[in-house]
Amino acid sequence: LFGRVDGCARGKGGSMHFFDREKNFLGGHGIVGGHVPIAAGVGFAIKYRGGDQVIVCFMGESVVNTGAFHEALNMAALWKLPCVFIIENNRYGMGTALERASAIHDIYERGAAYNMARAQCDGQDVFTVRQSVSEAVERARKEQMPTLLEIRTYRFMGHSMSDAVSGTYRTKAELEEYMKRDPITIQSERMKQNGELTDQQLQQMDTDIKAVVQDSWDFADASPELPIEALWEDVLVDTTT
Amino acid sequence: MPVITYRDALGQAIREEMQRDDRVFLMGEEVGVYNGAYKVSKGFLQEFGEMRVVDTPITELGFAGVGVGAAMVGLRPVIEFMTWNFALLAIDQVVNAAAKMLYMSGGQFKMPIVFRGPNGAALQLAAQHSQAWESWLAHIPGLKVIAPGTPYDAKGLLKSAIRDDNPVCVLEGEMLYNTKGEVPDEEYLIPLGKADLKREGDHCSIITHGKMVLVAMQAADQLAKDGIRVDVVDLRTVRPMDVEAIVASVNKTNRAVVLEEGWEICGVGAQVVDYIQRECFDSLDAPVVRVHQADVPMPYTKSLEKAAKPDVPKTIAAVRKVMYLD
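Which chain is which? The protein sequence lines are S and B, in order. Every position in the first sequence, counted from 1, becomes a number in our numbering once 57 is added. Anchor point for the second sequence: position 48 equals 33 in our numbering, and the numbering is continuous, going up by one each time.
Just so you know, these hints were derived from the structure itself, not from any lab. Glycine included, C-beta positions come from ideal geometry on N, C-alpha and C.
Derived DSBU-like pairs: lysine-lysine, alpha-carbon spacing no greater than 30 Å straight-line:
#, chain 1, residue 1, chain 2, residue 2
1, B, Lys24, S, Lys137
2, S, Lys104, B, Lys27
3, S, Lys104, B, Lys24
4, S, Lys104, B, Lys144
5, S, Lys137, B, Lys27
Derived coverage of chain B by chain S (criterion: at least 3 residues anywhere in the stretch with Cβ under 8 Å from a Cβ of chain S; other residues may be distant):
#, segment
6, 49 to 61
7, 75 to 84
8, 93 to 101
9, 116 to 129
10, 145 to 152
Only chain B is shown next, with the shape it has when bound in the complex:
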């Protein structure tokens, strides 16, 4: 099976869907002439032309709205935000327009639109450029939110997102673009709303999504050296969340660590813990522990940034804690 980068997996997904359906177009800052701020759309302009690969001014609110209008009348826009941090300027269109159009029009206007871009911290980009937004978006009925952690998932989920008749927010990992993984040549789709058991173990569950899947897998490798076997449940879709998969894993291991990139308060992990306490109360052998970013704006200083981020040692410590090993 070919091994490709996360970046190329995303690019393949959009290219294949644009080839398949001429209603699909890509719009955003630097997607065309520049080949994409992160080179996801390299070569697209030459292949599809400027009507379908649309460079916009720096105007997130404006072009997100253009996407919403185009989707109202039957096109299938893929709107690229250079980062989700900039999408805050467009949040009115995502939350007030896209997420509510079907409901408020009494089912008349579908909203087949994808909003995508990198999410979360990279390296020393400072507080305004280092934020994970999935809990904000997942809070909103009318949106779907996906956060793929591997090239395979990125391609399969993004293709499904583009074919979905609902607004889908795709949270990519800036630090994941260069990561590599197996992606088959033949076409495949991954259904939205289905988690993936990335690793099997019976001592503890780590429930995570997006970029933190890599952290969980590395933590699992190291824990295995001490004979600790963990389940790694990759949610893949944050909304709608695959509660069944969480419950199945926790009922098997009786212990859970919930790992996410964002902040603690009202985070995605808070919702996961709520499902666990409701559905797995009698099978828990220890309180659930959460791993997340420190509750501060991301510091610029290298050492402080490292201290703020969730990482492998913090995840290992959390697993050992719920197993009463330390």
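In isolation and in its complexed conformation, chain S is listed as follows:
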């Protein structure tokens, strides 16, 4: 995010391009839909090697209208690749509402075209999400079958720094309605009702998390930008030696 030398991609990736090889975090790709075939390729490699890993690929709902998405889903289903394709459907592709971009609105049904296991779940409820993702992961691991999972959620902020939170393409009333269903609120209310969480504990968690975020910010801010020599580094692997 900061473009600094201590970043996970040494400042070379960009705000949409995190990579962490050690944690098997494979990016971070900025072309809408372009990463879906790449995920299928990782699934292919898992099958090629006979491993039991699973590749989980996240995308926004606007991806389902790209050719790359369909080409990848077809191959993942055809070749039985251990992939979990997760659509985070937050209702807006930048400023264009799903209904203005997709001919069908239950977009998990796009998986039907490839006879792929598919499901839709409420993304505001943490247990529902956990259950749905677990089922998909198990299907990939045990049966080597892909799943298309649509998780319905909502974006509380603008698309980017320059995008107003509401006004042009959605109303303030709509935003406020969805904010009542903030997943953190839903979960904390449930835990409070069950006697698993007090207001004081919640406040403490909030304070602790803010401290972690502040520490991360300070760490990143203190990290230097890359030296000028880094301009030429990592364009190609040096194969001269």
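Fit chain B to the known structure of chain S by using the hints.
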């Protein structure tokens, strides 16, 4: 030394590398059951099985991306495009994914992938199927681009490409698949980025690559009958380009013709001419002349297609022009 076709030389290269390293696999349209659209992978399916010789749907963007994903986690895909014309559908994966993965991941994810297939015009396949794409690909930092013109170079370069940890685009010549040449039985590799002086002369340099190497050699033969001796510099690798070899030849002959299959504007030849004007300005005895395809979509009509293509007479005329003979 055995004489084999360009097609078989490519096939030998892939087969040997697949035998040597089980991370290498071949993927593309018709590579398996059909034995390859151009029979490069004949018998591969029987030898290696369907996990390593993978027939894909007609879905260039999709399977190029599958290759990129597999390469990210350590496999070494050889992705075959039935022609580079169809690879336009996959250009996002080649340019935005493969070429940038190492850089954008801060050096974490290597991209040991080969994209290969026939490039340029054959005979009367019309405009959409008759295009040479090397200048597009060579424009991109993060890619290597090779264009072998002979069976010997095809095998040695392709083997190096498969062993390279970077994305390499291999531009083969559809009209070259049946051409024959000497290829030794024993293993050899040709380093990427090294040109080859295919013929020595001291009157003029012809700098070329890929299919046009044959045209240059034929032109050189005919020019020799008139006592004109040319250097033929075969770049073999378009990116990274062997500037040293170009400079050495032009500083010797003081004249240059740059021959390529593709279009003129922003072509590979434009880059070659730039290196020449920078490095050989004081030794040039004449302006450099370029030979290339006419600046039109390739016509279907036989006579017009012939008129559009760079060929031996056009190359000879260019050499005579830079020598002030006409």
